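**Student:** Okay, here's what each chain looks like letter by letter:
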Amino acid sequence: MSQLRKDPIVGRWTIIATERARRPAAFVDPLSTVTDQKKCPYCQDIASHSIYESHGVKVIKSSSPILDESKPFERQAQGLYEVCHSYGSHEIVLESPDHIANMADLTIEQIKAVIRTYCLRMQTHRKDPSIEYILAYKNYGVAAGSRNIGHSRSQIMAVPVLPMRVQDKTRGAEQYFDIHERCLFCDMVNQELKNRERVITENEYFVVIAPFASRFPFETWVLPKYHHCDFADGIMGYEDSLAAIMKDILLRMKIGLNDPAYNYMIQTSPVKNPSSYKDHYHWHIEVMPRLTRVAGFERGTGFYICPIPPEMTAVFLREVDIHATA
Amino acid sequence: MPQLRRDPVVGRWVIIDSDHTKGPLDFPKEDNTPTRQAICPFCPGREYQTPQEVDAVRPLKSPANTPGWLVRTVPNKFPVLSSDGALEKDGIGIYDQMTGIGAHEVLIECPDHDKGLTELTEEEMQVVVSQYQNRFRQLSKDSRFKYVVIFKNFGSSAGATLEHTHSQIIALPMVPKTVLEELKGAEHYHQFQGRCVFCDMISQEYKDRERIIIENDSFLAFCPYAPRYAFETWIIPKGHSADFANMAEGLRDHLAQILQDVLKKVKRVLGNPSYNYYLHTVPIGYANGACYHWHIEIIPKLTRSVGFEWGTGLHIVPTFPQDAARFLRED
Numbered sequence: 001m002s003q004l005r006k007d008p009i010v011g012r013w014t015i016i017a018t019e020r021a022r023r024p025a026a027f028v029d030p031l032s033t034v035t036d037q038k039k040c041p042y043c044q045d046i047a048s049h050s051i052y053e054s055h056g057v058k059v060i061k062s063s064s065p066i067l068d069e070s071k072p073f074e075r076q077a078q079g080l081y082e083v084c085h086s087y088g089s090h091e092i093v094l095e096s097p098d099h100i101a102n103m104a105d106l107t108i109e110q111i112k113a114v115i116r117t118y119c120l121r122m123q124t125h126r127k128d129p130s131i132e133y134i135l136a137y138k139n140y141g142v143a144a145g146s147r148n149i150g151h152s153r154s155q156i157m158a159v160p161v162l163p164m165r166v167q168d169k170t171r172g173a174e175q176y177f178d179i180h181e182r183c184l185f186c187d188m189v190n191q192e193l194k195n196r197e198r199v200i201t202e203n204e205y206f207v208v209i210a211p212f213a214s215r216f217p218f219e220t221w222v223l224p225k226y227h228h229c230d231f232a233d234g235i236m237g238y239e240d241s242l243a244a245i246m247k248d249i250l251l252r253m254k255i256g257l258n259d260p261a262y263n264y265m266i267q268t269s270p271v272k273n274p275s276s277y278k279d280h281y282h283w284h285i286e287v288m289p290r291l292t293r294v295a296g297f298e299r300g301t302g303f304y305i306c307p308i309p310p311e312m313t314a315v316f317l318r319e320v321d322i323h324a325t326a
Numbered sequence: 327m328p329q330l331r332r333d334p335v336v337g338r339w340v341i342i343d344s345d346h347t348k349g350p351l352d353f354p355k356e357d358n359t360p361t362r363q364a365i366c367p368f369c370p371g372r373e374y375q376t377p378q379e380v381d382a383v384r385p386l387k388s389p390a391n392t393p394g395w396l397v398r399t400v401p402n403k404f405p406v407l408s409s410d411g412a413l414e415k416d417g418i419g420i421y422d423q424m425t426g427i428g429a430h431e432v433l434i435e436c437p438d439h440d441k442g443l444t445e446l447t448e449e450e451m452q453v454v455v456s457q458y459q460n461r462f463r464q465l466s467k468d469s470r471f472k473y474v475v476i477f478k479n480f481g482s483s484a485g486a487t488l489e490h491t492h493s494q495i496i497a498l499p500m501v502p503k504t505v506l507e508e509l510k511g512a513e514h515y516h517q518f519q520g521r522c523v524f525c526d527m528i529s530q531e532y533k534d535r536e537r538i539i540i541e542n543d544s545f546l547a548f549c550p551y552a553p554r555y556a557f558e559t560w561i562i563p564k565g566h567s568a569d570f571a572n573m574a575e576g577l578r579d580h581l582a583q584i585l586q587d588v589l590k591k592v593k594r595v596l597g598n599p600s601y602n603y604y605l606h607t608v609p610i611g612y613a614n615g616a617c618y619h620w621h622i623e624i625i626p627k628l629t630r631s632v633g634f635e636w637g638t639g640l641h642i643v644p645t646f647p648q649d650a651a652r653f654l655r656e657d
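Heads up: the protein sequence lines correspond to chains A and B, in order.
For the first sequence, this note's numbering assigns the number 1 to the initial residue and increments by one for each residue that follows.
For the second sequence, this note's numbering assigns the number 327 to the initial residue and increments by one for each residue that follows.
The following block holds chain B by itself, in its conformation from the complex (with noise of 0.2 Å):
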């Protein structure tokens, strides 16, 4: 059983995946090697490779772990943490522990081995789109879990370590470090201003444009201000809004459009670099609402970061963003 633990200094939660341990020489030196069509486990026709699904889109109605579907949701085949079980908490001397309950989807986008998310057509991308937030209702409805993690990692320098385009969902019985922080400084924010610090960021760059990308009628992407990686993006809904489980039907095709068009110019503008994106929204059942505002970041993997970086949090970006959101929108 994986074991979820807090460093007793600064809080920090970590997994600790005591069922697939690796030796030290287990470790790839550089892994670069592709997935051979002939094996993908994600590819139609090999649907039994998998866990069985627990949510796909089956347009002309086939069996569940068939071929005919356009995405499909499964348990990850390794998962980080398992969803049987109780969760249960444990002192020892100074330290803090869980039991590693949650849960770890793998959801593949689109049944063509050859195809990444910037290939898709756009009805493709909506549906997409539309089974993120399926799932991310889904399990936000299990008790046991405080918060739900929607990524992507493309490229082996980004994590993947299969080439057939997928993302992951991960939900967690706490709320990460990175999100706490996030809604501890909103919240403060709004607690002497009223406002949302994300609205006034959106107003702020609007006024100053020099960081925008694009936008449509219902999102904005930009590169903030102060970003941790050179061409770090943010999307962000242009209305408050705090939690991604009630975005507007409506708004889904708009975030599939926007998705789509940043990560065509990230593909065209830095040569197909790997890249991650993950979604930050509300722990579940989040009461202040007022204060947070959900949003995307899309950080394409083009530096190493360094030892200073881990140890001080203090990250060294060689790009300015309006400069990098020039080269974004310009292309």
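Bound conformation, chain A alone (with noise of 0.2 Å):
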């Protein structure tokens, strides 16, 4: 059974992934593994694990959950510790019935229905009392710690705890909100707007920048241009859109780039008390390619060093063609 974690000082969350325990050989040189098609346990038939399945994409539950619902969800303290068992979900999205590595390559029609598959689990997730947050997101590539499969896939966890970088970022915009009594994101959305330096690319109702203070070479955010804190319930109607902007900034990377390995997460509100985030959240996305690795300075001191300006990010992808070769 694995456990969560609190950390008595910072209050940081971890899970414990004992199911996954791994004696100390199992570290040394870790080799990457490459299935072809014949070999991808996503082309054979796993139809009788699908949770969900609509459009081509299929959820199925992780073959190595970290997180369990079973059990009912209960906290306890060991002297100054704080732990509870990894309670949750933890769930993989297929994201096309086709061997496909890249969902840049996805149609946009296929990219719309991975997004309201995100939408439909977190909203059956948030049913659940015990759920804290919902975690959608992606690891593309073996240095963006995904296994090299090479099918197109996704990941969503509910977590019955607030993990810390989601706090912080609540916190922050509701710091300035009560000084400002305007939502922060719109704020940035504006100012990025008017400004145009750091801006990629947008539509009617996205934007993609690269972030001012970025803490990764070619970090990028899209953010919706419209006020909505919740990702599930802001998305309804955007759907198009926000697969437009997907398949745009993810071909900007690939092209640009050459294929590099990513992570994308989606930030929204928690999932208790969505009032109190109404007016001073903002949900948005991250993308990340993985160029660098993280050294000593930055783990010990949550201080990134980024070796290239996010204005020179913005120039570059936005000058690469992405209909030269799509």
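I should point out that these hints are in silico values taken from the structure, not numbers from a laboratory.
Computed from a prediction, not measured in an experiment: that's the story for all the values here.
Warning: the hint list may mix true and false statements.
Cβ-Cβ distance ranges computed for the label pairs, FRET-style [stated by the list, open to error]:
| # | chain 1 | residue 1 | chain 2 | residue 2 | range |
| --- | --- | --- | --- | --- | --- |
| 1 | A | 321 | B | 652 | 26 to 34 Å |
| 2 | A | 182 | B | 613 | 46 to 54 Å |
| 3 | A | 70 | B | 652 | 25 to 33 Å |
Here are the simulated lysine-lysine pairs, DSBU-like style, with alpha carbons at most 35 Å apart [said to hold, decoys possible]:
| # | chain 1 | residue 1 | chain 2 | residue 2 |
| --- | --- | --- | --- | --- |
| 4 | B | 441 | B | 510 |
| 5 | A | 194 | B | 403 |
| 6 | B | 403 | A | 278 |
| 7 | A | 278 | B | 510 |
| 8 | A | 225 | B | 564 |
| 9 | B | 510 | A | 272 |
| 10 | B | 403 | B | 415 |
Only some residues are given here: those of chain B computed to face chain A with a beta carbon under 7 Å [stated by the list, open to error]:
| # | residue |
| --- | --- |
| 11 | 366 |
| 12 | 385 |
| 13 | 389 |
| 14 | 404 |
| 15 | 420 |
| 16 | 475 |
| 17 | 479 |
| 18 | 501 |
| 19 | 503 |
Heads up, the beta-carbon is just placed ideally off N, CA and C, and yes, glycines get one too.
Two chains, each in its own frame: build the complex with the hints.
**Tutor:** Here you go:
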């Protein structure tokens, strides 16, 4: 049974995943496995595990889940430390029946079906009173933490605690709102659209920027131009627009950066007390190519060294011709 | 001039290194090319290849920037922060920025290209630790700086670009986020409990025992209860001590000993992995020393952190700390 543990100093929660516990030798020289379509587990018949299926998108339970819904959620103290078992759910979203590796190569229609799926799974998970946060994210490529299977997929985790970085974000946005009575993200969108030097691409409802204080080279954020704190509720009616902009930015990265590993994650408001986030929070997606390694300094300080100004990132990605090879 | 910029949402500061910007294809996909000794700028005889040294231990009083040193500290040839200029703060709409003032030094730990920290003699290791403290004290005197970070990247997947054994020191004009979070948590605990949270942690580690790796007269090495990474290990002074700068001379040798012992264990048990370590101490001039407790965090680079961890700060660790401690203890 895995556990969630809370650091008593900064309040950071950690999942201790015993199911995946490895001996020291297992870390030595890990080799990535490359599988072709014939060996792809997702191209084989795995319909029996399917939780949800629609428009070529299939949701299955993770084969090595680090969260488990079978026992009720309960927190305990062990002296100074706090512990609870790792309640929650961990699902894999298979984005297409076709053996296509990069989401950038899916059709806009297919990406839209994936977005719909995220939305529906979030709406399902948030009914569970023990769930505090739902994260939809993607690891593409070995450097981004994915196994090299070559079949485009993403993951959804529903967790019973509020993760630290999410708390940082909502708190920061709340403080800004308290002072200005405006949404920080709306102000950011306005400033970026006026200033334009960090804007990479946009459409009617979304803008993609290289954030002012980027942590990583070629970090980008996809921001809705309209205000809404929650992804699952706020995306309704805008799915086409988001699918188009996701395809656009992922293609820019694939072509411009030579098919890099990347992660993206949907940053949405916490599940509990939605009304308290309504005014000040603003959902968005962070997209990060994995081009550099995080070294001791960044880990130790939470202070990142980004080797390229976001303004240059924006120029570079803006100038990529996505229609040439698409 | 590099810039410091603050994310307006979480308050995280970053350095925009505009002086050595890289094109998209300058980033290596896999960087394991070892430096040949013939061109290593850290080897004796090539002192001219580094910027002028700021400090060195020279037992035979050889002149600066010549061979004959045991450890040598030089400014980083490609600093992420610049030590010249005034600290200027600026706001652009919702964004805040500062000039990238700071110091970035490289501490070459040993003249011998073929030795790592684990191969040093007891005395050589002590010289490294006392150089850490000397540089720390020296940089703390600059009124533009608020925080000094000592850290080491070993192995290319931990971010090391030169294989000759070295550590780095960065002095910053602000307190970094991770440290602020620790301070805030520790202050909060102290306010309610009237005790140092780290001291309480040490007592509980002694009671539980299962996460302890080794100890000596002055220091304890253990795997923290809620680690972020597999085999994460902390070295902490047993007695309350907020500021690394004030570590007594007698403790330095004990620190050298336990640090080397832990690194030897990590090397043997995990098969010479890449690793990072860094020192957390109070900010320069911090008044509330009763609540904080300096320590070193050692992180073997064993797994890749995935999107989920980046986006949430919720780390997924594949090894229980008590198991990690047992493997390291029983080595």
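**Student:** Taken at face value, is the distance from the CA of residue 510 (chain B) to the CA of residue 441 (chain B) at most 35 Å?
**Tutor:** Judged against 35 Å, a Cα distance of about 40 Å means the pair is violated.
**Student:** Is the interface hint satisfied for residue 475 (chain B)? The criterion is a beta-carbon contact with chain A at less than 7 Å.
**Tutor:** Status holds, d = 6 Å.
**Student:** Under the criterion that the straight-line Cα-Cα distance not exceed 35 Å, is the pair residue 194 (chain A), residue 403 (chain B) satisfied?
**Tutor:** Cα-Cα ~38 Å, so violated.
**Student:** With chain A as the partner, please determine if residue 404 (chain B) meets the hint condition of a C-beta pair closer than 7 Å.
**Tutor:** violated (10 Å)
**Student:** Close enough to count: is the Cβ of residue 385 (chain B) nearer than 7 Å to one in chain A?
**Tutor:** violated (29 Å)
**Student:** So if I understand the rule, the pair passes when the alpha-carbon distance is 35 Å or less; does residue 403 (chain B) with residue 415 (chain B) pass?
**Tutor:** Judged against 35 Å, a Cα distance of about 26 Å means the pair holds.
**Student:** Hint says 26 to 34 Å; check whether the CB-CB distance for residue 321 (chain A) and residue 652 (chain B) agrees.
**Tutor:** violated (56 Å)
**Student:** Return the status of the interface hint for residue 389 (chain B): holds when the least beta-carbon distance to chain A is below 7 Å, violated otherwise.
**Tutor:** The hint is violated - residue 389 (chain B) has no Cβ within 7 Å of chain A, the shortest such distance being about 32 Å.
**Student:** Under 7 Å is the threshold here; is the Cβ of residue 479 (chain B) close enough to any Cβ of chain A for the hint to stand?
**Tutor:** holds (5 Å)
**Student:** Check the hint pairing residue 403 (chain B) with residue 278 (chain A) against an upper bound of 35 Å on the C-alpha distance.
**Tutor:** violated (49 Å)
**Student:** Given the hint that residue 278 (chain A) pairs with residue 510 (chain B), test it: the Cα-Cα distance must not exceed 35 Å.
**Tutor:** holds (27 Å)
**Student:** Regarding the pair residue 510 (chain B) and residue 272 (chain A), is the alpha-carbon distance no greater than 35 Å?
**Tutor:** holds (25 Å)
Hints 1, 2, 4, 5, 6, 8, 11, 12, 13, 14 and 18 from the list above are not met by this structure, while the remaining hints are.
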